[in-house]
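Asker: With the hints as constraints, model all of the structure from the sequences given.
When we follow our numbering, the leftmost residue of the sequence shown carries the number 1, and every step to the right adds one.
Calculated directly from the structure, the hints in this document are not laboratory data. Hints may be right or wrong, so weigh each one.
[As the list claims (entries may be wrong)] No more than 20 Å apart at the CA atoms, straight line, and that leaves these computed lysine to aspartate or glutamate pairs for EDC-like:
(1) Lys-31 - Glu-67
(2) Lys-271 - Asp-228
(3) Lys-259 - Glu-217
(4) Lys-292 - Glu-217
(5) Lys-40 - Glu-95
(6) Lys-50 - Glu-95
(7) Lys-163 - Asp-183
(8) Lys-156 - Glu-221
(9) Lys-264 - Glu-232
(10) Lys-104 - Glu-58
(11) Lys-291 - Glu-221
(12) Lys-264 - Asp-215
(13) Lys-233 - Asp-176
(14) Lys-156 - Asp-183
(15) Lys-291 - Glu-186
(16) Lys-156 - Asp-176
(17) Lys-163 - Asp-182
(18) Lys-110 - Glu-146
(19) Lys-134 - Asp-215
(20) Lys-130 - Asp-47
(21) Lys-131 - Glu-58
(22) Lys-130 - Asp-97
(23) Lys-263 - Asp-138
(24) Lys-275 - Asp-228
(25) Lys-291 - Asp-176
(26) Lys-50 - Glu-67
(27) Lys-134 - Glu-318
(28) Lys-292 - Glu-216
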Amino acid sequence: MKKIFTLFAISIFLLSCTGNDKFVLRGSVGKINKVMVVTKASDWNGDLGKEIRNSFGELMVGLPQPEPILSVSQIAPNGFGSMMKVNRNILIIGESDQEKFYIKKNVYAKPQTIIYVYGTDDASVIKMFKKYEKQILDAYIESDIEMTQGLFSSRKIDNANYKTLTNLGVSFTIPDNFKTVDDTGEFLWLRQHLTSGIAKTGSNNILVYSIPLIDEEKVGENIVSVRDSIGEKYIPGSDQETMHMITEEAYTPFTSEVKLAGKKAYETRGKWEVKNDFMAGPFVNYSVIDKKNNRVIVFEGFTYAPSVNKRAFLFELEAIGKSMQIK
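Answerer: Next up, the structure:
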């Protein structure tokens, strides 16, 4: 009887733990855009490691300094203990008895994304990684976007406080350290002063506005001219007569079609500068086609952070832009 009671008590305990993640999972650790790769040192130093580093190390478009999309580190399987298992983004890759690819969430910690890639030999492992390369990159980026949005949601601004957001019927998950520069009812400019290290003189900036939808087929090709006209009208330099923000003429922005707020949209990455001045930096622009209201809703985030890497700053702006909701 005592043995039965003990087994029953253990069963209840295990059920209560697995039924509620907060009793089981620790908080994950790890920097944004960082992936820990679990694989043998011989694989990491060979063709597989080279393939992974080349893939994750692809340079992010639009940044003035070369910065990879994702940073990677490696640990051997026998070193993948309890302390390592709480990393937020993990890639486990190596040989198995069959080819496999799958993604699991919140296995050892929360939030966490673990991707498993297996092949039957060295060539098979590389083939499987290359086959799912885009899906792997997208999964880690999406995971970090969601994590960043979750952090911001705990201290988000009240969108109803802004005339432009109210008039446009849009909302974003924007942290409350962004302050108003301009809010006309048609154009919103918010700014966050950077406070860390050498970037103290810099800022992250958000612009929100809309333009009429005249020709859907030409929205993508008109993004640069639209943002330049907005810069001339609303974003002056130190000399308001001769200086304003423009798209950097020496660098062609990269535009791709995406989906945002359930609608067709264009993501544009490039560099901005102030005409007749030395200020410059990267931007990410989302132009969302809202056919129902015959308009294009534009969110743009741009960073001014001289002398420091800017990937993390621009990623936060990307996360805010991708939180867009349209009423």
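Asker: Could you run down the list of hints and mark each one as holding or not?
Answerer: Do the hints match the structure? See the list:
no.	hint	in the structure
1	Lys-31 - Glu-67	holds, 15 Å
2	Lys-271 - Asp-228	holds, 12 Å
3	Lys-259 - Glu-217	holds, 16 Å
4	Lys-292 - Glu-217	holds, 16 Å
5	Lys-40 - Glu-95	holds, 10 Å
6	Lys-50 - Glu-95	holds, 17 Å
7	Lys-163 - Asp-183	holds, 6 Å
8	Lys-156 - Glu-221	violated, 33 Å
9	Lys-264 - Glu-232	violated, 27 Å
10	Lys-104 - Glu-58	violated, 24 Å
11	Lys-291 - Glu-221	holds, 18 Å
12	Lys-264 - Asp-215	holds, 14 Å
13	Lys-233 - Asp-176	violated, 26 Å
14	Lys-156 - Asp-183	holds, 18 Å
15	Lys-291 - Glu-186	holds, 18 Å
16	Lys-156 - Asp-176	holds, 5 Å
17	Lys-163 - Asp-182	holds, 10 Å
18	Lys-110 - Glu-146	holds, 12 Å
19	Lys-134 - Asp-215	violated, 31 Å
20	Lys-130 - Asp-47	holds, 12 Å
21	Lys-131 - Glu-58	holds, 17 Å
22	Lys-130 - Asp-97	holds, 19 Å
23	Lys-263 - Asp-138	holds, 19 Å
24	Lys-275 - Asp-228	holds, 10 Å
25	Lys-291 - Asp-176	violated, 31 Å
26	Lys-50 - Glu-67	holds, 17 Å
27	Lys-134 - Glu-318	holds, 19 Å
28	Lys-292 - Glu-216	holds, 13 Å
Violation of the numbered hints given earlier is confined to hints 8, 9, 10, 13, 19 and 25; the remaining hints are satisfied by the structure.
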